[in-house]
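Chemist: If you're matching them up, the sequences are chains A and B in order.
Here the numbering used here is used: position 81 in the first sequence is 134, and no number is missing along the way.
Here the numbering used here is used: position 245 in the second sequence is 293, and no number is missing along the way.
Rather than coming from a laboratory, the hints here were simulated on the basis of the structure.
Yeah, the Cβ is synthetic: ideal placement off N, Cα and C, and Gly gets one too.
One should not assume that every hint holds.
[As the list claims (entries may be wrong)] Below, a sample of chain B positions facing chain A; criterion: calculated Cβ distance under 8 Å:
no.	residue
1	Glu246
2	Phe253
3	His262
4	Pro265
[Stated by the list, open to error] Label pairs and their in silico Cβ distance ranges:
no.	chain 1	residue 1	chain 2	residue 2	range
5	A	Glu81	B	Ala238	24 to 30 Å
6	B	Phe56	A	Pro337	54 to 60 Å
7	B	Lys240	A	Ser124	44 to 50 Å
8	A	Glu258	B	Asp345	47 to 53 Å
9	A	Lys320	B	His256	54 to 60 Å
10	B	Lys240	A	Pro138	36 to 42 Å
11	B	Val203	A	Arg82	58 to 64 Å
Here's the letter readout for the chains.
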Amino acid sequence: MSEAPLLAVEHLVKYFPVRSGLFGKQRERVHAVDDISFTLGENETLGLVGESGCGKSTAGRTLLRLIEPTSGEVRFKGKNIFALPPGEGRRQRREMQIIFQDPFGSLNPRLTVERIVEEPLLTHKIGDRTERRERVADALSTVGLLPEHMTRFPHEFSGGQRQRIMIARALILRPKLIVADEPVSALDVSVQAQVLNLLNRLRREFGFACILISHDLGVIRYISHHVAVMYLGQIVESAPVAALYATPLHPYTRSLLSAVPIPDPRKKRQRIILTGDVPSPIHPPSGCRFHPRCPERMDICDKEDPAMRLEAEGHRVMCHLYTTGPVWAPDLPTPPNT
Amino acid sequence: MTDRWQRFKKSALFHDFKGDKVAIVSFATLVLLFICAFSAPLIAPYNPYDSANIDIMSSEIPPVWMAGGTNDYLLGTDAQGRDLLSTMIYGMRISIIIGICAVALQAVIGIIIGLIAGYYGGKLDGFFMRLADVQLSFSYLMVAIFVSAVLQAAVGVGRFAEIAVPFLIIVIGLAQWPQYARTVRASVLAEKKKEYVEAARVTGFGAHRIMWRHILPNCMSPILVLSTIQVANAVMSEAALSFLGLGMPVTRPSLGSLINAGFEYIFSGSWWITAFPGVLLVILVLAVNLLGDFLRDALNPKLYKG
């Protein structure tokens, strides 16, 4: 690796305590994100895909410090964001923004569109009134809204338009990283493509990296460079988009891909039907977390944790089926005292 | 400003208001009563606070339409010879001022505590809500009797008359803040989960700004509805305290103390001293409550009327 990537996530862990019993004693914990690591270069889009409840949203929110992690490190431009002094932490927020799933809950219903988009500028005290107004109008026009929309309220817009407002708001500070948490899953299919195209065009235009969280493999494939598949809080496979869709290695990835609907009723294909439900993240299965549902389960699977192995260039997988590749680990910085 | 007015005229609230006769009548009644109360020195025929106008010889004159009534005193006079109409108008002013100020005090305390409890949650929330439970389990009458007894002993009955207004405001205000705190806390809990709050946190806003600028404006509907009911309650509480002799003195009577003052004369035939202030109090409280009912229905998105 020649230079430090924009974002490096190392051994990120988030457990939520489950309080139960008479005195609220903490007995158990939900393994929402359990030791995930990945890197993201500038201008890249990483697709984070998985079933609901696999921890993909928690991972995204932890990156933005909406949730404090249990342990692990997130380095943004080489600095661990959880160890920043408060002033610098604020400045750093300018460079990371989020787009939410629900375009009806993510815009404050009492503010005009102008105020909503202007707010980030106000927090960071950028520009005077006229300058801010110009930037807001500018941002709105880049997402395809008109200046006359500025004085309206969120409830006067459709879902797609609201998502555009959200994008304008996220973009106005010219961030280096945008976390898009299911940005299109609440939209009609016809509008989904528009919003995805817009995101992609803006990414090329303004140059920001993007983490796209979705359960929809079609959406991920459409604009991602790299895909990470999550299952029960862990990344089980991660590969460049072409490699993942052409040669999926992990049985879970294969079953996911086989479930993508194909709009051709005559086309025959092999479905891999998974049995059972996702196990509870409070008591994850022993060994490989996927073994109770895995069609290619072996004896070793429930006994030993599989190692993450690099099977091809940039293609890593965590499964006992693969034993040849070198064991992959995120390159941790050498501790200063050794 | 004109822009806001235009927007208000187009709003659903105004549309509902135009179609609701009860709301229009109660709103008009309230406006009329408020204008009367606050222009009391201009429209009242006499100044009841000016002892030069008071003649003990003209006490207990019946209303104009009864035998013995005169045109000088439309609704008759009270036991001290004050014009009842003027005294009522002045008394209503005191009642309204105490009611609104007490509610303002309740609202300030309740909103701050409710916001903090709802937003931060955890132990802070537990502490404030238990405090609210404790406060609600004290009857405000008990507190008022106790405090006024102590105060009257401490500053003397004469001085107490001067501080009666702030005393009533504080007692009624402190007694009822948990209503606000609970309402605000409940709506904060609902609003806090919405993503626009998280979006504000991502942009780097502090907790203060998020609470006051983002969450509070979205909790305004229940606060508005509660406020109307609380104003009516506060006016009633004030009347009750004054009726019990713990509130406004007879020299500066509120509606409650007027009712109380006339109570002794009912059986001597001077029923009007109690009856007219009583009717005015009922009209005032009823109008506020009906308007509150309308607001509750109009601002509740789950209740759509045809």
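Chemist: Can you list which hints this structure breaks, lowest number first?
Modeler: When the structure is compared with the hints, numbers 7 and 10 turn out to be violated.
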